[in-house]
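Chains A, B and C supply the protein sequences, listed in that same order.
Everything in the first sequence is counted per this note's numbering, starting at 62 for the first residue and increasing by one.
Everything in the second sequence is counted per this note's numbering, starting at 274 for the first residue and increasing by one.
Everything in the third sequence is counted per this note's numbering, starting at 412 for the first residue and increasing by one.
Read the hints as simulated data drawn from the structure, not as lab findings.
Errors might be hidden in some of the hints.
[Unchecked claim] Quick look at which bits of chain C chain B covers, simulated, 3 or more residues with Cβ under 8 Å: (1) 465–473; (2) 745–752.
[Stated by the list, open to error] Below 16 Å or equal to it, Euclidean Cα-Cα: the simulated EDC-like pairs (lysine to aspartate or glutamate) are: (3) B:K619 with C:E553; (4) B:K596 with C:D753; (5) B:K289 with B:E458; (6) B:K596 with C:D745; (7) B:K600 with C:D508; (8) B:K359 with C:D734; (9) B:K352 with C:D484; (10) C:K489 with B:E325; (11) A:K136 with A:D114; (12) B:K356 with C:D784; (13) B:K352 with A:D177; (14) C:K492 with B:E650; (15) B:K368 with C:D734; (16) C:K489 with B:E563; (17) A:K221 with B:D649; (18) C:K489 with B:E651; (19) A:K225 with B:E319; (20) C:K650 with C:D734; (21) A:K71 with A:E212; (22) A:K225 with B:E325; (23) A:K221 with B:E320; (24) A:K225 with B:E320; (25) B:K352 with C:E553; (26) C:K492 with B:E429; (27) C:K566 with C:E576; (28) C:K492 with B:E651.
Quick caveat, the model's predicted, so the values are computed rather than measured.
No residue lacks a Cβ here, since even glycine has one placed at the ideal position from N, Cα and C.
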Amino acid sequence: MLSFRGRVHKFGDNIDTDIITPGKWMHEGMDILKKHAFEAVRPNFYQLVKAGDILVAGRNFGYGSHREQANAVLKSLGINVIIADSISRIYYRNCIALGIPAIIYPGISKQVNEGDELEVLLHTSGGKIVRDDNWSVAISPMPETVFTMLEQGGISQLLKLYLKNERSS
Amino acid sequence: MGMTIAEKILARCAQKQRVASGEFVNAAIDLIMFHEALAMTSQIIEEAGSVEGIPRVWDARKVAIVLDHYAPPPGKNSKMANKHAKIRAIVEQLKLPYFYDVNSGICHQVLPESGLLRPGQLVVSPDSHTTLYGALNVAGTGIGETEAALILLTGELWFMVPPTIRIKIEGKLSKYLNGKDVFLEVARRFGSEIAQYKAIEWCGEAVSDMSLDGRMCIANQSVELGAKFSFFEVDEKTLSFLKGHGVREISPVYPDSDAVYEEEYSIDATQLEPLVACPHSFADIKPAEELQNVPIQQAVIGCCANGRMEDLAVAAHILKDKKVAPKVRLIVTPASSEVYTMALAKGYIETLVKAGAIVTNSCCGPCIGNIGTLADEEVCLTSTSRNFKGRMGNPQASIYLASPATVAASAITGKITDPREWFNA
Amino acid sequence: MSNHTATEKILARACGKKEVFPGEIITADIDLVFAHTIQRHYDPFEAIGGVKGVFDPEKVVFGLGHHLFSSADRGTAKLYKRVRDLNKKYGVKHVYDFGSGIGHYLVIEKGHVWPGAVAVGADSHTTAYGAIGAFSTPANYEVTEVLLSGKLWFKVPETLNIRIEGTPGRGVLARDVAQHVIGIMGQDSGLWKTIEFTGSYIADLSIQQRVIFSLLAVEMGGMTGFIPPDEKTIEFARKTSRNPNFEVIVDDPKAEFARIEEFDITNLEPKIACPFSPTNTNNVTDVLGKKIDQAFIGGCTGGGLDDLHRAAEIFDGRKCHPDVRLIVVPGTKDIMAQAMADGTMAILHKAGASFYPPYCGPCQMLCVGHLADSEVMIGTHPRNWPGRGGSEGSNEVFLASPYTVAASAVAGEIVDPRDYLKKK
Numbered sequence: 062m063l064s065f066r067g068r069v070h071k072f073g074d075n076i077d078t079d080i081i082t083p084g085k086w087m088h089e090g091m092d093i094l095k096k097h098a099f100e101a102v103r104p105n106f107y108q109l110v111k112a113g114d115i116l117v118a119g120r121n122f123g124y125g126s127h128r129e130q131a132n133a134v135l136k137s138l139g140i141n142v143i144i145a146d147s148i149s150r151i152y153y154r155n156c157i158a159l160g161i162p163a164i165i166y167p168g169i170s171k172q173v174n175e176g177d178e179l180e181v182l183l184h185t186s187g188g189k190i191v192r193d194d195n196w197s198v199a200i201s202p203m204p205e206t207v208f209t210m211l212e213q214g215g216i217s218q219l220l221k222l223y224l225k226n227e228r229s230s
Numbered sequence: 274m275g276m277t278i279a280e281k282i283l284a285r286c287a288q289k290q291r292v293a294s295g296e297f298v299n300a301a302i303d304l305i306m307f308h309e310a311l312a313m314t315s316q317i318i319e320e321a322g323s324v325e326g327i328p329r330v331w332d333a334r335k336v337a338i339v340l341d342h343y344a345p346p347p348g349k350n351s352k353m354a355n356k357h358a359k360i361r362a363i364v365e366q367l368k369l370p371y372f373y374d375v376n377s378g379i380c381h382q383v384l385p386e387s388g389l390l391r392p393g394q395l396v397v398s399p400d401s402h403t404t405l406y407g408a409l410n411v412a413g414t415g416i417g418e419t420e421a422a423l424i425l426l427t428g429e430l431w432f433m434v435p436p437t438i439r440i441k442i443e444g445k446l447s448k449y450l451n452g453k454d455v456f457l458e459v460a461r462r463f464g465s466e467i468a469q470y471k472a473i474e475w476c477g478e479a480v481s482d483m484s485l486d487g488r489m490c491i492a493n494q495s496v497e498l499g500a501k502f503s504f505f506e507v508d509e510k511t512l513s514f515l516k517g518h519g520v521r522e523i524s525p526v527y528p529d530s531d532a533v534y535e536e537e538y539s540i541d542a543t544q545l546e547p548l549v550a551c552p553h554s555f556a557d558i559k560p561a562e563e564l565q566n567v568p569i570q571q572a573v574i575g576c577c578a579n580g581r582m583e584d585l586a587v588a589a590h591i592l593k594d595k596k597v598a599p600k601v602r603l604i605v606t607p608a609s610s611e612v613y614t615m616a617l618a619k620g621y622i623e624t625l626v627k628a629g630a631i632v633t634n635s636c637c638g639p640c641i642g643n644i645g646t647l648a649d650e651e652v653c654l655t656s657t658s659r660n661f662k663g664r665m666g667n668p669q670a671s672i673y674l675a676s677p678a679t680v681a682a683s684a685i686t687g688k689i690t691d692p693r694e695w696f697n698a
Numbered sequence: 412m413s414n415h416t417a418t419e420k421i422l423a424r425a426c427g428k429k430e431v432f433p434g435e436i437i438t439a440d441i442d443l444v445f446a447h448t449i450q451r452h453y454d455p456f457e458a459i460g461g462v463k464g465v466f467d468p469e470k471v472v473f474g475l476g477h478h479l480f481s482s483a484d485r486g487t488a489k490l491y492k493r494v495r496d497l498n499k500k501y502g503v504k505h506v507y508d509f510g511s512g513i514g515h516y517l518v519i520e521k522g523h524v525w526p527g528a529v530a531v532g533a534d535s536h537t538t539a540y541g542a543i544g545a546f547s548t549p550a551n552y553e554v555t556e557v558l559l560s561g562k563l564w565f566k567v568p569e570t571l572n573i574r575i576e577g578t579p580g581r582g583v584l585a586r587d588v589a590q591h592v593i594g595i596m597g598q599d600s601g602l603w604k605t606i607e608f609t610g611s612y613i614a615d616l617s618i619q620q621r622v623i624f625s626l627l628a629v630e631m632g633g634m635t636g637f638i639p640p641d642e643k644t645i646e647f648a649r650k651t652s653r654n655p656n657f658e659v660i661v662d663d664p665k666a667e668f669a670r671i672e673e674f675d676i677t678n679l680e681p682k683i684a685c686p687f688s689p690t691n692t693n694n695v696t697d698v699l700g701k702k703i704d705q706a707f708i709g710g711c712t713g714g715g716l717d718d719l720h721r722a723a724e725i726f727d728g729r730k731c732h733p734d735v736r737l738i739v740v741p742g743t744k745d746i747m748a749q750a751m752a753d754g755t756m757a758i759l760h761k762a763g764a765s766f767y768p769p770y771c772g773p774c775q776m777l778c779v780g781h782l783a784d785s786e787v788m789i790g791t792h793p794r795n796w797p798g799r800g801g802s803e804g805s806n807e808v809f810l811a812s813p814y815t816v817a818a819s820a821v822a823g824e825i826v827d828p829r830d831y832l833k834k835k
């Protein structure tokens, strides 16, 4: 079981990868890139987030290019979980690869508000999202492959194991 | 119950008799392509504890590298140049045979031309427009750099078998229209999430009539519909393209006649008209005719979505003996060096330069703002792949997106223009 | 008064005097002002306020596309948008925007200078226009003032006459000869002087080849490079000049030169400038085998049609070495169109060249083509100072003729181009 608790930052529909990480700052390193994350729609977002926060978005979150920095930047901003009405495929994959729980829950953007405190529980047998006022929704079971990767903290941890085993064998 | 193209390919790669949509499989990768992203993948492997960088790859003949995003390295510092140097060193150290340096062109055109792609393959790349390879009946899809690291070492990756939708384009497409207009019509009619996490199979008379250039445009742009794969069936045109590029063993993958589709859509090609996607997404698409009063400062034709011969031919046709409007900068970027050479031979480049176009080398520059960065409040009409906010280097600018014909006609008038009256008899 | 140099006579005309003498301070009327980094001049315009416009829109040429064929970041895009707006505000007509080409070539090609004209430009290579018999010299911050007043003061220069005679060996081009001359003369031989190139070798050159000499005069410290107008110049100027009434001004028969240097270039070998100075000239055979990563054909000393033809001669049927990035940048849009029409571009492209739109190329790494640390480049452009290759001084850059650059691109290392020329 993985569990998280944090405050919600809410975004609208179709937040693309150029909004999350403007191309111009992509190669300037994470410290600079994170200051420009979401700047086209929410300037100074990096000053508004704190570690452990949760990002909630509308439809088609993260659509656009494959750029992994668009996922990594959330980690570096301290975002722990992403929940959206729908998430673009590559963005979703990248979240899992980097060990960031990404949850597709159609309609979530209508049900939670900016600033809500949420608790998120994840497991292969299912999970749920809970708010302090007793509102809660159930989320579908997570495939084993995906859950393991999240539990390990992403592919880089798997890589470490892999490289270690390779050396010792 | 039969299987779709996606199911057949993933079943083969997962060494299973059959797979069904929704199932998670581990699949063997037939080819992985990298552009500059290889530097980041290498860094990920280094950070995971391999101080000497990528220790080895699972199969050097299944790795292709194309330097195109920053070709040649732009700007006033050497950061990107050093990244290129690092990639060249990796290529040499791992003895990777398929390396295409900065003079080759854009990966998504270079790879089809390379002869490395064959129908039925599963090909991945840390680049979202990898769906383009579906034009050659290849299961091409984008992944992340971290996933790519795992593949380099193991040759495998997890996939969810996607449901497939079928989109039929019936009737004949008029000469005024491009694959781009077909894609824009699908997005306009059915929304830009119609294929979210799904595979698309394209069919119908207009698709059969369409050149490979047109199919590549549609397959490329399919990722903007959310698609994981975007398949076209193999026909004479596909075979002649493949053979022309040295591909010998060709085993096309066709869907079974009783394959199960999640949804089937149909569009009448004869009803289509030139379309334009308005800033900053594919959510607002209008006929070019309705936007005729929007002035533009920059026009772009080319890159991996629309930088092929057919696109340059139509641009040259419209711009022949005409001039680009004085307040407009028209940037043209052929998709690859091969395309550039053919366009030179046909005289298209000469026509475009004489009309006042800036013809760049083949690279991703204009699409991502390394070339032709927009100033605040400027408006650009482009036939590249995306119109997102900030895509061309400036979130204060507006990007409209349309076919090469629409862009060419608009470059002459200085405002968005329906191209139909600009075709010569 | 029958002993004046052409420079003295041009400047006398321009300041309205019967004659002027070296060392005299005069104020001349300017026939052409060229600038590329235009904001430098507009900033003071804006700061002064109330400026209505430039002194004469016909005499002002802005080469917006000189250093860049495109904006590569948002700051630059913004800057150029501002400059475009200000061009309108201040009534500047002759603007060569992104993709047009190198200012020096354009000014000549489009007839903005003519024999006998006085031209200044905010670019050190503004010595170029002397190739068609103009007095042309770099000015820097002063250009702002000239844009408003149309006048500039000069100290009338002495003239250093370099006479070049003889026929060089096979495989030796104008660049080799110019490289030889500036190498022997050194970086400061022309300080405060007009460097006037004469002799039968110069007389045989095309206008575009002559530009290599007038332009490289600045690398010898020259105030201007000058080639006395002859029949070729006059024919060229009749076709191009925007001023139909230009006055052909040449040296008086007994003109007094400060110094005369004579060069016999018979049997001269191919030359190359080694790091880190354009005047560090050696024989190509002294540096054979030096590995290169990038080869560049273009720049204001190698982007002419003749240069592209010479490169194509070598590349015809050959491929660029796989470890070398070959970059070809035609000097102007017209040169590019001609090279396409006559098949030159097709040959170069087949050889593996990347073409960039016309601009000054990776001579100064202002737009694209940056080198990685310690990479080596060979090119036909004018300069190879430390740091000019991009990264902090570590890049070695060699300068040579289009033959040598092309042959070295094929070999992957510096080679003698004579081994690559077709036997005649």
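Tested hints:
no. : hint               : verdict
1   : 465–473            : violated (count 0)
2   : 745–752            : holds (count 4)
3   : B:K619 with C:E553 : violated, 48 Å
4   : B:K596 with C:D753 : violated, 22 Å
5   : B:K289 with B:E458 : violated, 37 Å
6   : B:K596 with C:D745 : holds, 14 Å
7   : B:K600 with C:D508 : holds, 10 Å
8   : B:K359 with C:D734 : holds, 14 Å
9   : B:K352 with C:D484 : holds, 15 Å
10  : C:K489 with B:E325 : violated, 43 Å
11  : A:K136 with A:D114 : holds, 10 Å
12  : B:K356 with C:D784 : holds, 10 Å
13  : B:K352 with A:D177 : violated, 42 Å
14  : C:K492 with B:E650 : holds, 10 Å
15  : B:K368 with C:D734 : holds, 14 Å
16  : C:K489 with B:E563 : violated, 29 Å
17  : A:K221 with B:D649 : violated, 45 Å
18  : C:K489 with B:E651 : holds, 9 Å
19  : A:K225 with B:E319 : holds, 13 Å
20  : C:K650 with C:D734 : violated, 44 Å
21  : A:K71 with A:E212  : violated, 25 Å
22  : A:K225 with B:E325 : holds, 14 Å
23  : A:K221 with B:E320 : holds, 9 Å
24  : A:K225 with B:E320 : holds, 13 Å
25  : B:K352 with C:E553 : violated, 35 Å
26  : C:K492 with B:E429 : violated, 49 Å
27  : C:K566 with C:E576 : violated, 31 Å
28  : C:K492 with B:E651 : holds, 9 Å
Checked against the numbered hints above, the structure breaks hints 1, 3, 4, 5, 10, 13, 16, 17, 20, 21, 25, 26, 27 and satisfies the rest.
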